[in-house]
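Count the sequence shown with UniProt numbering and you get residues 1 to 69, in order.
Keep in mind that the hints are not guaranteed to be accurate.
Claimed, not checked - Dumping the calculated BS3-like pairs for lysine-lysine here, alpha-carbon to alpha-carbon at most 30 Å: (1) Lys21 to Lys36; (2) Lys36 to Lys14; (3) Lys21 to Lys64; (4) Lys21 to Lys37; (5) Lys64 to Lys14; (6) Lys14 to Lys37.
Unchecked claim - The calculated label-pair distances, taken between Cβ atoms and stated as ranges, are: (7) Gln38 to Ala63: 15 to 23 Å; (8) Gly20 to Asn40: 20 to 28 Å; (9) Asn29 to Phe58: 13 to 21 Å; (10) Ala56 to His12: 28 to 36 Å.
Simulated from the structure, these hints should not be mistaken for lab results. Where is the CB? At the ideal position from N, CA and C, for every residue including glycine.
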Amino acid sequence: MRIKPRSAPLMHLKSYQIDGKILRTGAANFSASGLKKQDNDMIVIDSHTAAEGFRANFEAIWAKGEPST
């Protein structure tokens with residue numbers, strides 16, 4: 001876990017990548033209601049380029065945080 005500095009903007013992310021190729025992003029929560037009952041967006045992209053761009057952006061944001069103690 002990392003803690004963001006107080007001056008940094010919040011990260012509210014519901015995205016992940018799988019095997020450097022699949023990118024999933026959107027507002028849907030991983031719950032029965034989030035995936036089946038609510039009207040949320042969720043996009044799945046099969047693209048190494050998109051997944052790598054996501055990973056690089058996430059790592060840059062993650063690096064700004066401070067390790068939790």
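Results of checking the hints against the structure:
1. Lys21 to Lys36: 25 Å, holds
2. Lys36 to Lys14: Within the cut-off at roughly 16 Å; holds.
3. Lys21 to Lys64: The hint holds at about 25 Å.
4. Lys21 to Lys37: 28 Å, holds
5. Lys64 to Lys14: This hinted pair holds, its Cα atoms lying about 19 Å apart.
6. Lys14 to Lys37: 18 Å, holds
7. Gln38 to Ala63: 15 to 23 Å: 33 Å, violated
8. Gly20 to Asn40: 20 to 28 Å: Holds - the Cβ-Cβ distance for glycine 20 and asparagine 40, about 25 Å, lies within 20 to 28 Å.
9. Asn29 to Phe58: 13 to 21 Å: 19 Å, holds
10. Ala56 to His12: 28 to 36 Å: 19 Å, violated
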